[in-house]
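> Just so you know, we're using UniProt numbering here: the sequence shown kicks off at 1 and counts up by one.
These are computed hints drawn from the structure, not numbers from a lab. One thing to keep in mind: the hints can contain errors.
Claimed, not checked - Now the in silico label distances, taken between C-beta atoms and shown as ranges:
#	residue 1	residue 2	range
1	243	94	21 to 31 Å
2	216	90	14 to 24 Å
3	7	118	52 to 62 Å
4	149	260	25 to 35 Å
5	294	100	36 to 46 Å
Ideal Cβ placement from N, Cα and C applies to all residues, glycine included.
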Amino acid sequence: MTDFAPDLGLLLDVDGPIASPVSRTVAIETIAPDLVTLANAGVPIAFNTGRSDGFLREQLIPPLRAAGLADDALVWGICEKGAVWMRITAHGEAELSVDEELRMPPAFTRDIERLVDASYSDLVFFDHTKRAMVSVEQRTDVSNEEYLDRQGRFNADVAEVLERHDLGFEWEGERHPDAAGSVGYRIDPTIISTDIESNRVGKDLGASRMMQFLADEGVEAPHRWRTMGDSRTDYAMADWLHDNGFEVAHVDVRPSDGVPEGKPYPIRQHSSLIHDESGALYVRRWVEMVRGEAADDADV
């Protein structure tokens with residue numbers, strides 16, 4: 001790590017901005033080395049994702065280590081939208097932490113697995129690496145068009161399972177309270193998956209955890225932050241940072257999902273590139289900013 005700490009911190013979604021949603025892999029030649037350059041320069045980085053720790057161990061941590069991640073780099077994996085987390089080091093990863101209060105009920109989890117096996121195994125797979133939330137993901141041998149065409153039916157079946165278990169939930173803006181009138185869970189569809197989760201998880205929870213990680217390390221949090229994601233839910237990172245007095249700009253690598261209006265911070269988006277191709281350009285510009293070769297990233 002350098003002798004100075006740049007006034008910059010990063011909270012990054014993984015699917016889309018860092019890992020290709022098609023191949024589900026990280027571009028080793030481009031994004032990984034630039035992320036390591038930033039981390040080794042003293043920029044604290046958290047991968048704030050709905051992905052599991054297993055996905056990060058398989059797809060993200062090896063290229064970071066291969067690119068020369070320093071022993072004292074400040075890097076974390078915040079998985080399952082804040083329910084699971086770990087320190088990422090030059091040697092791999094530190095001890096895993098799981099918020100037990102955010103786990104989905106085991107009986108519900110088993111019923112969703114049975115639903116997949118019985119009716120949707122030709123379309124999706126059940127993600128056994130998740131420790132708190134329940135995720136069902138598009139098979140890589142299925143086109144995204146076919147997946148999205150059938151995703152709505154699957155989500156409706158998930159809602160029926162939640163109702164059968166008397167679990168109040170939110171889905172597409174509608175409340176489905178349980179017998180006690182509470183709403184404790186959420187169905188969150190993405191372009192390649194459906195997550196069923198506690199409504200207490202989210203990218204804002206990940207942002208708040210990042211501040212606790214830095215405090216635990218005795219590191220003062222940077223004032224300036226960049227967040228990056230590929231869906232409207234990722235804006236919650238920037239919302240939390242802004243609401244807590246930090247300077248932030250958000251990079252949206254898939255603005256077709258809908259760019260919210262009236263945000264009180266800058267929103268960056270590339271004019272033609274999306275997903276990890278757009279993400280790679282912004283990560284490279286942040287390297288240039290830290291090196292003093294670029295003043296800002298507004299013109300990427």
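> Would you pick out the hints that fail for this structure and give their numbers low to high?
none
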